[in-house]
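A.B. asks: Residue numbers (our numbering), protein chains in the order written: chain A, 1 to 126; chain B, 1 to 299; chain C, 1 to 499; chain D, 1 to 83.
Hint data in this document are derived by calculation from the structure and do not stem from the laboratory. The structure displayed is predicted, hence computed values, not measured ones. Check before you lean on any hint, since a few could be wrong.
Claimed, not checked - 27 Å max Cα-Cα, derived DSS-like pairs, lysine-lysine:
1) 153/B / 166/B
2) 108/A / 112/C
3) 108/A / 372/C
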Amino acid sequence: MDLIQRILENRFSVTAVILFGIGFANLMLQYNLVKKVVGFNIMDSAVFLLLASQGYIEGAMPPIVAEGAVEATAYINPIPSGLVLTGIVVSVSVSAFSLALIQRIYHKYGTVDLRELVMRTEKEED
Amino acid sequence: MSKKESAWTRFAAWVNGEHEPAESRLFSMGMGPRKERRPEITLPKREEKQRLHGFLSWYPVASAVIGVILVGILLATVLAMPSFGQVENPTNNEVPAHYLQHTREETGASNAVAGMILNYRGFDTFGESCVLFLAVSCVFILLLRDENNTSQKDLEQAQRREQRRKRRQDVILQEAARLLSPFILLFGAYMLLGGHHSPGGGFSGGAVLGGALILYASAFGQDAIRRFFNEKVYNTVRVIGLMLYAVLFGYYIFTGANGLENHIPLDYGGLILPIDIAVGLVVACTMYGFYAMFTRGEL
Amino acid sequence: MRPFVENFPFFSIFLVMVTGILLSVVRSGRLAMRISVAVALIAAVLSAQVLAYTVGGDLSFTYVMGKYAAPLGNEIKAGPLQAILALTFCVGMAISLLGGSRDLERDVLPRKQNLYFVMSNLTLASLLALTYTNDLFTGYVFIEISTIAACALVMARDTGPNMIATIRYLFLSLMGSGLFLIGVAILYSVTGHLLMPQIHDEFRLLAATGQYALPLTVSVGLITVGLGVKSAMFPFHLWLPDAHGSATTASSAILSGLVLKGYIVLMLTLMVRVFTLELVLKTRINDVLLVAGVLGMVMGSVRAIQQTHIKRMLAYSSVAQIGYIFMGFGLGTEVGVVASCLHILVHACSKPMLFCCAGKLGDAAGHHKNLKNLRGSAYRSPLAGVGFTVGALSMIGIPLLGGFTSKLYFASASLHTSDRTAVILLVLAVSTVLNALYYVPAVLAIWSPGSEEKLAGLPPMEPDWGFRVSTLVSIAAIFALGILYDPAINIIEAGIRLM
Amino acid sequence: MTLLEDILLLGLIVTAVAAPLCKRLMATVIVYMSFGLLMAVLWVLLESPDLAVTEAAVGVGVTTILFFLTLRRIHELKGTKDE
């Protein structure tokens, strides 16, 4: 009972961890390169969710400070938001790079299945 | 004697590189079962496939096991971590309090997130802008048309597609683009310029600007964009954006670290506003660059 | 007002980054290369100044990246160790670019050569930032920069197998940075800080009270494993031979000699400055590192023996050398860490040269990379032959050369541990023999008078001044580390003390 | 509010599981896009409007465009096969 209570309390981080697992498994297990990229994006989003949920304060406002109000706990913690902002941009850049790479690979080999690709290169090697 | 001689000749041949070194016999006790060599080209195809199949069949199992273990450990970890949404969590210490209380007088931004990423931790954000720059450069290396990645056939195909697009212009898309582009541009500019006192800022505003460009390009073709946004302009804007950031923030770091006075006024967002504009330019260029490279392979 | 020399770490990072950005509008590849080498050398001079300053004053200093200090804003911290590593990275980058310039001009399309140098400059910038950083999240951002830039360096050659090697490298790296990032997230949420000294204080407090013991251990483990994946720690080394073996010469040199070290240096900083060695010993993470290191040393060498492609052989040799470094960390003592640092320096000096010489020898033998076809190639390019020989002998651990010193220090470091001395000495001996088993045949092969008629038809070698200079400099560096190792050791010890 | 949060979290898990399981890559990308949108709504509920805006513009918008362009290039969309 206590455990369930705890899980429900921390539902954001628990969800984040489950998503991380899903993304991680897809990044590792999928043979289709496009799906690997999707898995990577899910994994990164999960980490962002974990980070951002740490900065949330029950009943607080967004961190846009009004004139005069200086009670710090009235706002959520701005640090995780900033970090996640950085993370989102980084993950988009990485996705774009890997998608471009996938296009070139398809152009060259006509497939995006990693198994086939690995087999082809083994044959091609000197 | 003859045995020794043959050993010597074998060694000589090995030294000359004619034989594979006899590693498997030398170290069989150290490494357990004999490992197979890398397949030669002459190896029959079936064997090669079998070997690969061996690799590909244990690999998923192993990584699935690793994944499950990882998730288990992480679940235990997050349950032991501070509870969700409590004020007394370790993250809510003096640092965010300082940010929230002093962001107005120290950075000139009332949006604490913008103040944090562009002023207190601006070096990280410079690195992040460089990541974008780097990604678009990588995409250029990969997809910019050259003799390696484009054959004559590809060019012809692209031309045919372009002509077909010109013949059958999509009226709905064009009208929508004509109607929406100005508003999207306006909204992007608003987000860009208001980043210091409202949600938004360089990254999202720049992405919206880039989105407007993409919409325009996909409705009217890239030739329409190229009239005012060709490769030269593109490179200039992108480099100027990043250099603006580098120079402004470099000056800020230099003066700050040496205890000098910086002459950056704090009204209208202080350092945040110019850096937001710089970042916005970079992001808009990056997004449009991705689109251009992904569709046609040229700007 | 602080001494002006304290600005130099920041100057070197920004200089290299800004050069990288500006090079994207330079048209000529050759000009871009000259600028990159010059900038790397300027950064080296700046780092040398920092080195002289920190060693002379026996101090380390923090430098605020902005106006607001410690728990609020970014910071970098420089001490003797950081300075000598930065110096090595800058020089190594210059050596790699100079030594591989000919191959580069052939392998990369002229129109895209300037972009290659954008990548190399940003790689160098990320290495410098990873060395100097005092902030965990800056570490993450620059890890990503170095990942993307390194992948771009691999794929710059633009052939099919190369692309596939790149994408495998990319996905494994992304997994590594994902693990690192979630480790950072957990660490942040239990300590509430991102700057290393503050995390250290909180970490010690929490470890003393025993609060959040599990998250702390898990985050240390995740960060270590994440960085380990990216730096080719033993079970995660599978991507390395393909990526390093198929890239153009300069890229292989940069990746093997420098990029892997960037992540290791960050791990070292975290272990010494944030977690401290005693607390790491308590979490038993160092045992994992020790086992991975030892396995890497043996398996990397064993696989290297089986290779016939000279670059793949060198790549597997890198796996083994990385194994040495992790073994030093795994000992969990200061002596072990010092030995690892020395090995980082030695490897960063010799690996780029080995790759450049291998590329040159391949040229001499008519663009073959198979050991069989390289016979006699050293006679056509004697300097490459000498360089390869010196590098190989150093890797084996012949006295007077750098590799010998670091192995000696590993051996003496193992004497400081109570129960593992025998095992580690044994593994060191075995791996030395294994190293000899692949380097000696390779050296003999290139020097054995071989098929003259095959090589006779080839055009004569053009003089390549960049290659000559870079090889001579690296040979000098290897001898310097082998004979005058005392100053280097003193610097490293002071650096660890002042971390 | 809690109920909405729970639904969104569940939706995240469901879409994350479903996205890679789809047979057609097109479906994968669309489901992934809905994952991103759910995430954006969740950022609003977590009181981080900056993140919501960025996720919607960058994470969902641009990433999805890139995915679709890639699918067109690798001939996974209808009518993009070589003629």
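A.B. asks: Next step is simple, just say for each hint if it's right about the structure.
C.D. replies: Evaluation of the provided hints:
| no. | hint | result |
| --- | --- | --- |
| 1 | 153/B / 166/B | 20 Å, holds |
| 2 | 108/A / 112/C | 19 Å, holds |
| 3 | 108/A / 372/C | 30 Å, violated |
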